[in-house]
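**Student:** The numbering of the sequence shown is the working numbering, which starts it at 2 and goes up by one.
In short, the hints are calculated from the structure, not lab data.
Honestly, I wouldn't trust all of these hints.
[Unchecked claim] The calculated lysine to aspartate or glutamate pairs, modelled on EDC-like cross-linking and capped at a C-alpha distance of 16 Å, are:
1) K331 <-> D312
2) K331 <-> E353
3) K331 <-> E316
4) K357 <-> D288
5) K142 <-> E237
[To be verified] Each pair of labels, with its calculated beta carbon distance range:
6) R292 <-> Q71: 47 to 57 Å
7) A178 <-> V148: 35 to 45 Å
8) G250 <-> V69: 57 to 67 Å
9) N267 <-> A106: 38 to 48 Å
10) R207 <-> A127: 48 to 58 Å
11) A138 <-> A81: 52 to 62 Å
12) E358 <-> V69: 53 to 63 Å
13) Q129 <-> V182: 41 to 51 Å
14) R292 <-> R235: 17 to 27 Å
15) L162 <-> R207: 12 to 22 Å
16) Q129 <-> V232: 17 to 27 Å
17) E299 <-> A174: 37 to 47 Å
18) E305 <-> T192: 38 to 48 Å
Think of the CB as a built atom: it goes at the ideal place given N, C-alpha and C, for glycine as much as any other residue.
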Amino acid sequence: MLPEPSSTAENRPLQEDVRFLSTALGDVIRRLAGDEVFGAIEELRVGCRDRRRGEEGAPELAELAAAVDQLGAPVQGQVARGFTLFFMLINTAEQVHRERLRRAAEGEARSEARISSARWAFEQLANQGRSADEVAAALRKMAIRPVLTAHPTEATRRTILSLQARVADLLLARDSAAGTVGAELDQQLQTEVELLWLTSEVRQDRPSVLDEVSNVLWYLEDRLVTAVARVSDRVERAFAEVFERELTGLTPVQTGSWVGGDRDGNPFVTPEVTVSAARRNSYAVLDHYHRELGNLIERLSLSETIASAPDSLRESLEADRELLPEVWVKHNRRDRDEPLRLKLSFMQARIEHLMKEVATRRLPEPKTHPGA
Numbered sequence: 002m003l004p005e006p007s008s009t010a011e012n013r014p015l016q017e018d019v020r021f022l023s024t025a026l027g028d029v030i031r032r033l034a035g036d037e038v039f040g041a042i043e044e045l046r047v048g049c050r051d052r053r054r055g056e057e058g059a060p061e062l063a064e065l066a067a068a069v070d071q072l073g074a075p076v077q078g079q080v081a082r083g084f085t086l087f088f089m090l091i092n093t094a095e096q097v098h099r100e101r102l103r104r105a106a107e108g109e110a111r112s113e114a115r116i117s118s119a120r121w122a123f124e125q126l127a128n129q130g131r132s133a134d135e136v137a138a139a140l141r142k143m144a145i146r147p148v149l150t151a152h153p154t155e156a157t158r159r160t161i162l163s164l165q166a167r168v169a170d171l172l173l174a175r176d177s178a179a180g181t182v183g184a185e186l187d188q189q190l191q192t193e194v195e196l197l198w199l200t201s202e203v204r205q206d207r208p209s210v211l212d213e214v215s216n217v218l219w220y221l222e223d224r225l226v227t228a229v230a231r232v233s234d235r236v237e238r239a240f241a242e243v244f245e246r247e248l249t250g251l252t253p254v255q256t257g258s259w260v261g262g263d264r265d266g267n268p269f270v271t272p273e274v275t276v277s278a279a280r281r282n283s284y285a286v287l288d289h290y291h292r293e294l295g296n297l298i299e300r301l302s303l304s305e306t307i308a309s310a311p312d313s314l315r316e317s318l319e320a321d322r323e324l325l326p327e328v329w330v331k332h333n334r335r336d337r338d339e340p341l342r343l344k345l346s347f348m349q350a351r352i353e354h355l356m357k358e359v360a361t362r363r364l365p366e367p368k369t370h371p372g373a
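Kindly generate the complete structure, drawing on both the sequences and the hints.
**Tutor:** Right, dumping it as structure tokens:
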């Protein structure tokens with residue numbers, strides 16, 4: 002159904018992923034949909050492949066169409082699903098391979114910046130005589146704002162997006178796994194492929210605007226927040242490597258969303274919906290910070306019995322104690338010798354307070370403009 006990946010050495014992992022995923026999907030289809038469906042898919046796949054290759058005796062397009070017409074409607078539907086999921090899995094494998102190649106390039110070129118990388122760009126500017134102050138000022142003025150929107154042709158369910166993400170993560174994990182661990186990852190991948198076959202690609206009811214908000218938030222929560230932080234970190238690190246000074250106050254990427262607020266004639270986007278969409282976006286961002294603080298609390302176990310805390314941290318904790326005595330009572334006994342954990346617990350408590358406020362506060366009644 003697709004051109005085979007290039008046989009170059011760098012593309013062999015992609016070939017292996019394609020082979021594994023297509024075999025796993027074929028096994029699932031044969032077991033759950035039956036030999037008739039599997040046989041029809043294989044006949045069409047081989048016929049299309051032979052036509053693409055220009056092989057002698059390859060079926061004409063009319064013959065392939067006639068073969069589809071001879072299938073009953075239920076089988077046609079399952080055959081269509083088989084091809085849809087195949088392309089979905091192969092697209093996922095290709096995205097994983099791009100990430101694989103990017104990581105490999107970074108590992109091979111640590112001493113020499115890759116063309117178009119942040120470090121390469123900074124080196125070009127430095128060679129042109131640009132100072133660190135000039136470059137830093139330009140970076141602080143830079144504004145990159147990806148805006149999310151709900152497109153009718155990309156109405157993929159959040160459940161399907163999560164399944165694709167798990168498949169991608171498992172494919173990457175297989176690169177460094179061997180033996181029993183590799184076999185376990187293969188089994189997990191086969192399970193995800195089976196879940197994909199058993200999961201409907203579309204909802205049975207028409208999604209509301211707030212359903213679209215939830216779908217778009219998947220990209221924010223599961224992908225964009227991490228990606229934006231990674232971009233900022235790489236830019237700051239590259240700047241320090243080239244100009245030998247720290248870059249602060251940089252927020253080059255800020256995300257936005259049209260969903261729930263776009264006044265493009267959709268009668269279901271009411272002022273109330275816009276308020277609710279804004280509330281959900283705010284809660285999602287706060288929840289991300291809450292989880293990240295929880296991760297830091299788990300990791301930063303520095304003990305004051307081994308290394309003394311700086312005076313600034315002690316003063317900050319005293320101020321927190323006065324403002325949030327209940328948090329002090331809750332955490333001081335356990336964390337009194339671990340001031341970083343205690344500080345992070347105060348920060349997390351503030352986020353929790355904001356989350357509750359966002360979820361429960363009463364907002365002014367939205368007004369519709371008389372001329373709208």
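**Student:** Each hint needs a verdict: does it hold in this structure or not?
**Tutor:** Here is how each hint holds up against the structure:
Proposed proximity of K331 and D312 is contradicted: the alpha carbons are some 23 Å apart, above 16 Å. The suggested pairing of K331 with E353 holds, with an alpha-carbon distance near 15 Å, which does not exceed 16 Å. At most 16 Å may separate the alpha-carbon atoms for a hinted pair to count; K331 and E316 exceed this at roughly 19 Å. With a C-alpha separation of about 11 Å, the suggested pairing of K357 with D288 holds against the 16 Å cut-off.
For the proposed pair K142 and E237, the alpha carbon gap of about 15 Å is at most 16 Å, so the pair holds. Distance hint check for R292 and Q71: the Cβ-Cβ separation is about 53 Å, which falls inside the suggested range of 47 to 57 Å. Look at A178 against V148: about 38 Å separates their beta carbons, and that is inside 35 to 45 Å. Checked against the hint of 57 to 67 Å, the pair G250 and V69 passes, with Cβ atoms roughly 60 Å apart.
Checked against the hint of 38 to 48 Å, the pair N267 and A106 passes, with Cβ atoms roughly 43 Å apart. The given range of 48 to 58 Å is respected by R207 and A127, whose C-beta atoms sit roughly 55 Å from each other. For the pair A138 and A81, the supplied restraint of 52 to 62 Å holds, since their beta-carbon distance comes to about 55 Å. For E358 paired with V69, a C-beta distance near 57 Å keeps the hint of 53 to 63 Å intact.
Between Q129 and V182 the Cβ separation comes to about 49 Å, which falls inside the hinted range of 41 to 51 Å. With their beta carbons about 22 Å apart, R292 and R235 fall inside the hinted range of 17 to 27 Å. For the hinted restraint 12 to 22 Å between L162 and R207, the CB-CB distance of approximately 19 Å keeps it satisfied. For the hinted restraint 17 to 27 Å between Q129 and V232, the CB-CB distance of approximately 23 Å keeps it satisfied.
Separated by about 22 Å at the C-beta atoms, E299 and A174 break the suggested range of 37 to 47 Å. With their beta carbons about 46 Å apart, E305 and T192 fall inside the hinted range of 38 to 48 Å.
Violated hints, in rising order: 1, 3, 17; the structure is consistent with all others.
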